[in-house]
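If you're matching them up, the sequences are chains C and P in order. Heads up, the first sequence is in the numbering used here, so the first residue is 1 and it goes up one at a time. Heads up, the second sequence is in the numbering used here, so the first residue is 1 and it goes up one at a time.
Hint data in this document are derived by calculation from the structure and do not stem from the laboratory. All values reported here derive from a predicted model rather than from experimental measurement. Please note that a few of the clues may not be correct.
[What the hints assert, rightly or not] Facing chain C, from chain P, some residues (calculated, C-beta under 8 Å):
id, residue
1, Val-26
2, Ser-137
3, Ile-138
4, Ala-152
5, Phe-155
6, Arg-211
7, Ala-216
8, Thr-219
9, Gln-259
10, Arg-277
11, Asn-297
12, Leu-307
We treat Cβ as the ideally placed atom computed from N, Cα and C, and that holds for glycine.
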Amino acid sequence: MTDAAKPRGVSGQARVWWRLRQQRLALIAAGYILLLYVVAIIGPWIAPYGPMTGDLRSTLQGPSIAHWLGTDHLGRDILSQIIYGTRLSMWAALEAVLIAIILGVPIGLLAGYVGGKLDRAVMWAVDLIFALPPIMVALGIIAVLGTTLDTVMAAVGFAFSTRFVRLTRGMTLTEREELYVDGARVGGLDVWTIVSHHILPNIAPALIAQAALQFGGVLLIEATLSFLGIGASLEQPSWGRLLSQSRDYMDAYPFLAIPSGAAIMLAVLAFNLLGDGLHTALGRDTIVAKRKTKRRKGDTETQRHGDGSNARSLIKTNMTALAIQGLQVRFPGAQNREIEIVCDVSLDLKSGETLGLVGESGSGKSMTALATLGLVPAPGWISNGSVQLGGRELTTLPDSELRRLRGKEMSIVFQDSFTSLNPSLTIETQLTDPLRAHLGLNSRQARERALELLALVQLPDPQRRLNEYPHQLSGGMAQRVGLARALACQPSVLIADEPTSALDVTVQGQILDLLKDAQRKFGMAILFITHDWGIVAELCDRVAVMYAGEIVETGKVDGVFAHPRHPYTRALLATLPGLDRTGTRSVPVIPGVVPPPQDWHKGCHFYPRCALAIPACNRNPVPLTSVGDDRQTRCVRAGEEGLW
Amino acid sequence: MLKYGLTRLAATVPLLLAMSVLVFLVATIMPGGIAVVLLGDNASPETVTVLEAQLGLNDPLPVQYARWLGNALQGNLGDSWTLKEPVVGVIVRRMPVTLSLAVGGMLIGIILGLMLGIIAGLRPGSGVDRLITLIASIGVAMPAFWLAMLLAVYFAVQLRWFPAIGYTPLGEDPVKWLRSITLPCIALGLPTAALIVRQMRSSFITVLQSRYILAAHATGIPLWQVVSRYALRNALVPVVTVIGFRLAVVFSLSLAVEQVFNLPGIASITIRSVMMRDIPLLQGTVLLTALFVVVTNLLIDLSYGWLNPRVRLA
Chain C
1 MTDAAKPRGV
11 SGQARVWWRL
21 RQQRLALIAA
31 GYILLLYVVA
41 IIGPWIAPYG
51 PMTGDLRSTL
61 QGPSIAHWLG
71 TDHLGRDILS
81 QIIYGTRLSM
91 WAALEAVLIA
101 IILGVPIGLL
111 AGYVGGKLDR
121 AVMWAVDLIF
131 ALPPIMVALG
141 IIAVLGTTLD
151 TVMAAVGFAF
161 STRFVRLTRG
171 MTLTEREELY
181 VDGARVGGLD
191 VWTIVSHHIL
201 PNIAPALIAQ
211 AALQFGGVLL
221 IEATLSFLGI
231 GASLEQPSWG
241 RLLSQSRDYM
251 DAYPFLAIPS
261 GAAIMLAVLA
271 FNLLGDGLHT
281 ALGRDTIVAK
291 RKTKRRKGDT
301 ETQRHGDGSN
311 ARSLIKTNMT
321 ALAIQGLQVR
331 FPGAQNREIE
341 IVCDVSLDLK
351 SGETLGLVGE
361 SGSGKSMTAL
371 ATLGLVPAPG
381 WISNGSVQLG
391 GRELTTLPDS
401 ELRRLRGKEM
411 SIVFQDSFTS
421 LNPSLTIETQ
431 LTDPLRAHLG
441 LNSRQARERA
451 LELLALVQLP
461 DPQRRLNEYP
471 HQLSGGMAQR
481 VGLARALACQ
491 PSVLIADEPT
501 SALDVTVQGQ
511 ILDLLKDAQR
521 KFGMAILFIT
531 HDWGIVAELC
541 DRVAVMYAGE
551 IVETGKVDGV
561 FAHPRHPYTR
571 ALLATLPGLD
581 RTGTRSVPVI
591 PGVVPPPQDW
601 HKGCHFYPRC
611 ALAIPACNRN
621 PVPLTSVGDD
631 RQTRCVRAGE
641 EGLW
Chain P
1 MLKYGLTRLA
11 ATVPLLLAMS
21 VLVFLVATIM
31 PGGIAVVLLG
41 DNASPETVTV
51 LEAQLGLNDP
61 LPVQYARWLG
71 NALQGNLGDS
81 WTLKEPVVGV
91 IVRRMPVTLS
101 LAVGGMLIGI
111 ILGLMLGIIA
121 GLRPGSGVDR
131 LITLIASIGV
141 AMPAFWLAML
151 LAVYFAVQLR
161 WFPAIGYTPL
171 GEDPVKWLRS
181 ITLPCIALGL
191 PTAALIVRQM
201 RSSFITVLQS
211 RYILAAHATG
221 IPLWQVVSRY
231 ALRNALVPVV
241 TVIGFRLAVV
251 FSLSLAVEQV
261 FNLPGIASIT
271 IRSVMMRDIP
281 LLQGTVLLTA
291 LFVVVTNLLI
301 DLSYGWLNPR
311 VRLA
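Next up, chain P with everything else stripped away, as it sits in the complex (with noise of 0.2 Å):
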């Protein structure tokens, strides 16, 4: 297991480095170039030209990525244009929000969904299958931000049991942290869990037709044992691959939820780096993305290790 662990962890290190090639090249393809883009339209090519040098953009560009890279190894991606600070600073103090919600929704999603998705799988074709699939069909239809401000309208503004706008840090108040991360967080989950169980529940009733589990019902052994040991874990295996997905889209949706609740998550300064073009911030915003999706990745591949013997022994 622990070479299978790092093998995989190895194969990460080249996914990394093409991403970090496509994050830099972002700023190359600038129309008009970087300079133009810092100085404005209306800037003399003097200026733009004196500019180009300082910032090293006369260099060929495998030189410019190396020290790009370099600095960004070191943890220094630049200052943002429009923050006037670096932007690793930016995203270190931002960072806490949006993974909490991220990981506050994917539990929330995987916990609610493989419940239901096991409920209805056990019984295909019951009124308790239908009824989970039908909230199943609309969830997923469901847009998250949407979502959210009804929970919002309902749970913060008309029974005032949570609050509608803002973030408390955890180590400041952990209460008042758990109280303004859920709703977001129910709002990143129900859909979640709409995922979940539609493909829980298929890949559920699909293990229990095959001839394993009628063979482990033909040694007798308790229902409950089929299901649980004899069942799940094989079922398991193709959600883990929805859920690896979803966390990633998770992590995205969560930039319109946190707008929804004012949140000074990743979204906002996301956002404003598309609008102004501020390319360090958008650098840094999609590398810190491309960061989170190869972990999450490499969290899948160690759980198939884990649910499958067969990839773990290869």
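If we strip away everything but chain C, and leave its shape as in the complex, we get (with noise of 0.2 Å):
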């Protein structure tokens, strides 16, 4: 399941009760454990024989009708038992788990919104309880207190209490924070009111997930010291109980150990089950989609768009870098659909020329960029389309042999340079494992290549550096680190994923001078996607402007820039405040956002912002076509006289 997959513009309840009832496994695990609480309350009723009697003619019998599981040493009946257990084992960890609660989540909330001295004299505290194993702490206080399963059931609950501190305490600082907090402090409500009435019913769901997978660990416990005597007493079957009787009887009666092993086994495996899923239907995070191992589809697509093979004799080898033709990356969303998030993308770059990839965020530039790279992230594939590096086709190539011609023949320098950089290891690492790998150096010679890629990208005491981890750079240092990784084996084409973006601007600059040098030493081509104008026009010979997975305009810089032939582009060139000459400061925006891939419409994506469009335009897709000298443009209306 992806996000996609989870209906929209539904409330958040109903979207973790949504998710809930996705997990079967939870549904299940939560069915059982209501079974054994009916169980636990009607046993008495339901149980075939009383716990105690026994008949000492038939002891130690397997399973039969009269006895479902068997007997016991004293020919008590064995299901009966289990049954008696179940209402022991089940009040027994509730009561632990309430104890648990109602001690902890208080002194968790207190400490969190009220914070300061209060706040570290109790994590102390907790923290040294909660050092040590929850069982050593509740043997401490049954020794001092007795030995009596209330008891022994109270103490296992204040062990357990920390955890609930811990976790309470923790999503308290966060929700402190939370703008309704705000209100209802500036409101003058008491510090009691407002943790109990605003901030406790927030964090409830993540707090009952979480009792549900304490439950577990305190049946394990209560079943522990049952077996080891500790806790209810003879008279009493709890299952731990049960289990160490059998012991007695391994030799002769193995069967004896399994029925009650496996009911302890079972509970506690629902209420982990449980959890777990009450976990994953509250996280924001996604599940992990189930990876599909999908490559291409049929040659028939394939055809369509021009397959390798004839791509080839068409293209210019000794001058095209990098071509690609009508690539489309895929997803599989919800129903077992698939979104197409790269849909029909065609880019030609030349050796030593350098091509402008501009469009919003969610427009697709970047996962064409990974595409180009064979690196679509799972559960994500290319369906369609071609990507030739000098003229050799990539999309069929087996990850073993892409992988040699990543990083060395091509490269690509991301936005981020701290989160592209690994944090555990050294530059020299980052650096030298590329080169080894590429160039067959040994450490020493990789070591120098490192070096003198360190003076190319003129990071200062580059002999320092390289000992040095990420986290020990400047922005601006880190990303000459990345540049000199991507330029380590001078690679013939060279993709720049917004690679100054997060950088100031003087930074900037330097960093472009860097790629122009680089450029003009090894003569390698550079896809750079940007949405800045500015370094468009500054450092690209073309421009091909994206749009909702689509390339909607390409041409010569100058060019598009002095008569851009599609609206979207024209939108965009209109947010420019430097071409805005009527001296007012304000920045135009278009309307609207990139709508996700899903919400693309059949005909021209950019239709429901557009301020030129038709009813045609949304009939059909609407072809890239030719409008004039090395000039594309996918627009219904791109031959309208007068328009442009």
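Fit the two chains together into the complex; they arrive one by one in their own frames, and the hints show the way.
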């Protein structure tokens, strides 16, 4: 299930229910727990025998009609004992968890909300107890207070309360910063009202999920203690107690250990599954989608866009560094539908040339870049189209061969240099690994080459930097390292995915200069992804404008700037403050946002936001048509004179 | 790294002191007081008063604590009330058994857990992943002592591969020692592995989806290198936390497993101390657990430093 699979426009609570219903295992688990409690309540009426009624003439018997699960060493019916054990174990677990919640949640709420000294003191004490295994804490308390079942469960509840304190406090700390809490505070409500009426209801669902998980732990501890002879007395048939009795007959009658052990395990399993299910249903993160190992589909579609072998003859291989034809990327969506997030992208990139790829966020620029490198994140896949690097088709290459080209023939610089560097490895490791993999250098040679590269990207003090970790660098330095890594093997194609957007203006200029220098030295082609028209004007030879998964216009930078031939390009250019000659500083924006892929129109994707839209725009997919020298646009009205 | 290690070591001192206060207080809050527990409910008030004076129970609490701590630091936790011999001696004699089980169980759990967690995390949603996840869910719910019983019935009683009960010290016969702790270690190790699998799998999946892994793939280095060098180390950080908590739990789980195999570890004396209110013995075992936990946490902190340079250099 991906994020797209959840119904949109549904309230949060309904969504949680919806997600919970999707989890069959959790529902089965909930049903089983309900059944256990029903058995616990009506046990005495449904048990075929009393828990202590034994028949010494039939001891240690296997399952039979009279005794479904057999009998024990005193001839007592095991099924009946399990049923009475359910009553005892489930009640004991409930008691302990309730005690843990009643003790833990208020303390956690107060510590988290009030903060300061109170919080520090509480957390110190809690950490102290939390450090000890709960069973030891319980044993300590039991030694002092005695070994009746109630004191045992109270002790276990106390031991587990620290978990609720920690969890509640953590969530309260987050909630405290929310606006609604500010509102309540300004409204003059007292601490207790804010905490119990405003914060508690918001964190309650997560607490319930946690409680279900703790139930499992408590059941296990109760069983362990009973097994050790602490807690349930000999006359009280708890599951753990039954197990410990069966220990003496392990040789003679091993089956005796099965029913009670299975009862414990199934109950714990049910609580764990329910807890996991609740946790997932509440989580903001999406569940990892089922991975589809599907690659390209049938050849028929491929031929429509021109197969690799055909295309090769058409493209002058000595000139074209990268050729993308009809590229399509899909992800699995709800109800087994597929969602296309890159629809039909064709790009040509010649050696030594810089092509700008422009568009708003969500238009599919980065996905195009990743697909070019064969790095579409799972569960997505390239469903159609061709990518050729120096005349070599990449979409049909196995991963191992693609790896030999990645980083060597083509490489990428990402926007956020920090997140793209591994936090736990030195700069040296991260720079030299690709050098050693692609060029077969030994570690000394690779280190020397790495130093040269750092000098190339003008990183000061490269010797020292090599031994440092990413967190010791500034943003600009990290981006230089990222650039050095991308340039390591002098690739013929470099994809730069907004490499300067996160940097301040002066550093931005320096990085762009470095890119230009490197391009002059190595003659590589650059695909520069950006939403900054200033960079396009400064750096690029040609530009491709992308909207909602499609290229909507391509052409030489000057021509596109002077005469945009697509309403989206025109709208984008109109947002440039520099072009606004009226002297006002207001930055106009295009109304609306790029819609999510599942909402893209069958006709022109820009139709809902377009100022020039006519009914014909929404009928059929609009093809990219040539309008003059090296100029293409995807607009139904491209041919109308006077519009442009 | 050395400085980091020393700081962490120094940080354990207040924790241990606080633990010792808690442990000391256990004795003083006994209903009726220690003397009554020692002499029984039928003791005359006079004998109680005499004994209280002898034990120094009339001194102020801080004085009593200082005396107790002073003795404890010299390795004297007093004599067990029921065994009539020094607590430290009893514990030192029985410690190797419990430690063998805890360490062995942990090793099995860590090795198996990491391996299966990585295999499952590499292909989330695949058949292998679902199988491993299912087994892990069951494993987490499995009471260690029940598993111990099942293992004993099958591998010891029926197949006779391992002894069903008893313990041979390592110094006496290493092979017999290994055979005597194999089944208990597996019983402790499998549920531990299940827990680690779940954590490793989810943390591995998260790391594999991160930007720096994508960037590592983009540099074209081999897949095994991406997984082993770029992903594994980062994925281990949350797993190490789980391992740390688990170590303490395994230590306490070994209580029940020791009972199943009739091993002469600290389980029986712990239970004895609880059931018979043998306070010095209880204090000894709880202090031992606390020490074990503190040492464990120290090791965990040190491994954070190794795994995460930001911690080490901070």
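Hint status (Cβ of Arg-277/P to nearest Cβ of chain C, threshold 8 Å): Where the cut-off is 8 Å and the nearest Cβ of chain C is about 6 Å from Arg-277/P, the hint holds.
Proposed interface contact between Phe-155/P and chain C, which counts if any beta carbon pair is under 8 Å: The hint is violated - Phe-155/P has no Cβ within 8 Å of chain C, the shortest such distance being about 12 Å.
Interface hint compliance - Gln-259/P to chain C, C-beta minimum distance less than 8 Å: Holds - the Cβ of Gln-259/P comes within 8 Å of chain C, reaching about 6 Å at its closest.
Restraint check, 8 Å cut-off on beta carbons, for Val-26/P near chain C: holds (6 Å)
Hinted contact Asn-297/P with chain C - closest CB pair below 8 Å: OK, holds: Asn-297/P within 8 Å of chain C, min 7 Å.
Ala-152/P as an interface hint toward chain C, with CB separation required under 8 Å: Given a least distance of 6 Å, the restraint on Ala-152/P holds.
Agreement of hint Arg-211/P with chain C interface, Cβ distance less than 8 Å: holds (4 Å)
Hint validity - Ser-137/P Cβ closer than 8 Å to any chain C Cβ: holds (6 Å)
Satisfaction of the Ala-216/P interface hint, Cβ to chain C closer than 8 Å: holds (7 Å)
Status of the Thr-219/P interface restraint (C-beta, 8 Å, chain C): OK, holds: Thr-219/P within 8 Å of chain C, min 4 Å.
Evaluation of the interface hint that places Ile-138/P against chain C, nearest CB under 8 Å: Where the cut-off is 8 Å and the nearest Cβ of chain C is about 6 Å from Ile-138/P, the hint holds.
Leu-307/P as an interface hint toward chain C, with CB separation required under 8 Å: holds (6 Å)
In the structure shown, a violation is registered for the earlier hint numbered 5 alone.
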